[in-house]
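> Residue numbers (my numbering), protein chains in the order written: chain H, 1 to 302; chain U, 1001 to 1486.
The reader is advised that the hints may include incorrect statements.
[Unchecked claim] Below, a list of computed lysine to aspartate or glutamate pairs in the DMTMM-like style, where the Cα atoms sit at most 20 Å apart: (1) Lys1454(U) / Glu21(H); (2) Lys1313(U) / Asp121(H); (3) Lys1357(U) / Glu1347(U); (4) Lys17(H) / Asp1430(U).
None of these hints come from the bench; they were simulated from the model.
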Amino acid sequence: MKPFLFSKLPDSPTIDKVGVEERVARFQTRSIKNESKRQGLRMVLNMIDLTTLEGKDTPGKVKQMCYKAQHLHDLYPGLPTVAAVCVYPSMVAFAKKELKNSSVKIASVSTAFPSGQAPMDVKITDTKFAVDAGADEIDMVISRGKFLTGEYNFVFDEIAAIKEACGNARLKVILETGELATLDNVRKASDIAIYAGADFIKTSTGKIQPAATMQVTYTMLMAIRDYFDETGIMVGMKPAGGISTSKLALHNLVMVKEILGDAWLNNQWFRFGASSLANDVLMQILKTETGIYQSPDYFTID
Amino acid sequence: MAKEKNNESWEYAPSLESTAHIQLKEKYDLFIDGKWVKPKSGKYFKSINPANEEVLAEVAHANESDVNLAVKAARKAYTNVWSKMAPTERAKYIYRIARLMHERAREFAVIETLDAGKTIRESRDVDVPLACNHFFYYAGWADKLEYAFPNRKFESLGVAGQIIPWNFPLLMAAWKIAPALATGNTVVLKPAETTPLTALKLAEIIEESGLPAGVVNIVTGYGDTGAAIVNHPDVNKIAFTGSTAVGKIIQKSIAGTHKKATLELGGKSANIIFDDAPIDQAVEGIVNGIFFNQGHVCCAGSRLFVQENVADKVIRKLKQRMESLYVGNPLDKNTDIGAINSKEQLEVINKFIQIGKNEGAEMYQTKCNLPKKGYYCSPTIFTNVAQSNVIAQEEIFGPVLTVQTFRTVDEVIQKANNSPYGLAAGVWTDKGSRIFNLTTKLRAGVVWANTYNKFDPTSPFGGYKESGFGREGGMHGLSGYVKLND
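Whenever a hint applies, use it, and build me the whole structure from the sequences.
Following this line, the structure appears as structure tokens:
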């Protein structure tokens, strides 16, 4: 494995918020109709990390969600599954049991999610526990407190250490952009995460508002673009939290397409962290097929 | 992480704006004295859709006698009605025109796109809303003019002859008509020969609004029609937007007369990127600066100056961004760059592209498939350009950018000002003090900081040097239509 060095980290470019807002508004004027809508909605479904991250999570709840992950809407055959389920480390083993014959991956949050306020050894133990229990992907949180006090090398080293603890599991690094406040910080944190070895960068835990705004996702996608242009290495992106409608999801895909290109338009490189998005996408898919909207009661909640 | 194979591509399906709801007549006469009258010339010309070369309508070609009638009607309306009307009443008419335009915004947007070749995204989101807002804005000024000219005595001028270009047909009509009416003048307006249709639709709205006959007259035609307006002895004011060459002819013709003039002419505006600029947003600003409306913008940021230490990065990112621009059918909502306004203009642009190549500048054009029919031009940039290249000096008025590098602030100020034009400029830097330093030293009517091509009815617009004189928009836009006494 190649060593990641803080000294390799380049200066992050400045970000003009007004300019970003304008750029994002332009993506939102893209009109996605007919065949591109059909194809786009299926891609969205297949990019979802179906998530439950609650204190009250139980094996029963996880089991039901895992079933839904593989059977989104069996009354309408031919639909893709979601990309992964996302659970706490203590739930990974139960999910593993349910998904052992499935292509649906298991992602687990770790590193004292969502606050990240724990000692390093606890975070590493947390990560190893999840990987040992069968997690394919680890969603870690960065230490925002350290970041905001300017201890960038600490943040960098921590990510590199967790990456090592992940072994073969892919690492998603959650920046919790709602706590970083400025787009300049979002860009800086993205660069730190990418250069420290993140396989994916992810906006939010879902516990803090605002979460995955298009402005934030845009800023992170540009960081991925610059890294790819610099090194030829692809990094994935996962906006999480706040994307609950098909329209917004499709506009996210438009951004990915126009910034990174079609190569990123699959669940290997792009994910949505969401729980309520799937049903809205299902409703839209059935609307495009049948021409009528169906009642939300026809779509299951798990 | 290995580079993954691209497993599927995702294309945008065509998403065409409907044309079913628009109403266009086959033949348009002249709008004089509140009525549609046949041209004395007996001649009509065709207005075509530059996106597919189909004829949209036939339009009257006004000659000198037609212009005489229009000026006569405008004078009569000025003397008998409009100059005597209470300002609050004038305001109501202007406001009504704005409301009616607003209600038919979609129809205006589609017709503008058909007639001018500009994208529906721009005509829908920029041209038409801004045009409505100009009427709304100046309606507000009509009864508050004493606040625009405090402690001054002022009066309206009389008949304003207005000649507008083809790049923003409806918007330019609004820029001209709204302040003229608000200050109590009457109008004879000539739209450009390639794009007369939205002005004629505006005439229909003016008719519907009940504006007293003769207050606004629309005469369509070519350069000879414009010359008849300029040379008419009973016209008090000429407002012209167009090329510097024609501007010079106009200024010569009205020399020695009492006619007041506002000229808004060409430009070769500098867009300046410093090394500390927000680079990705600056790249977006470059794109908006030069490719907005196919580059048919008098204030287009057509001369790009990039600080040499970031030039490679900026140019690489610019090329990347250009590849995501969609060129094609202007009616498609996803089209970023539409059709060139006319065959003549396409020839001009192609001539300059050839000159650029002959001069040895390095050309880059996006790899897009242009439609077979209609007039199109791929977004084009020339790098390795010097100040002495012809393509860096002359206004091309198309989607063609020249890129030059610079080292220091003083150098770029000198180069940016080293042009007979002085319409606009853009400055991109993270440093506030540098912005103020440049804005005071750049000899340009408009200087944008960390943005480009932003327009608002409240903001004055106009040029330095051969880019013209007088200001349009904002409170300043009122001055061109009043005579100040003592």
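> With the threshold set at 20 Å, check whether the alpha-carbon distance from lysine 17(H) to aspartate 1430(U) stays at or below it.
With Cα atoms ~12 Å apart, lysine 17(H) and aspartate 1430(U) stay inside 20 Å; holds.
> Is the straight-line distance between the alpha-carbon of lysine 1313(U) and that of aspartate 121(H) 20 Å or less?
violated, 41 Å
> With a cut-off of 20 Å on the C-alpha distance, tell me whether lysine 1454(U) and glutamate 21(H) pass.
holds, 14 Å
> Quick one, are lysine 1357(U) and glutamate 1347(U) close enough, alpha carbons at most 20 Å?
holds, 15 Å
Of the numbered hints listed earlier, the single one contradicted by the structure is hint 2.
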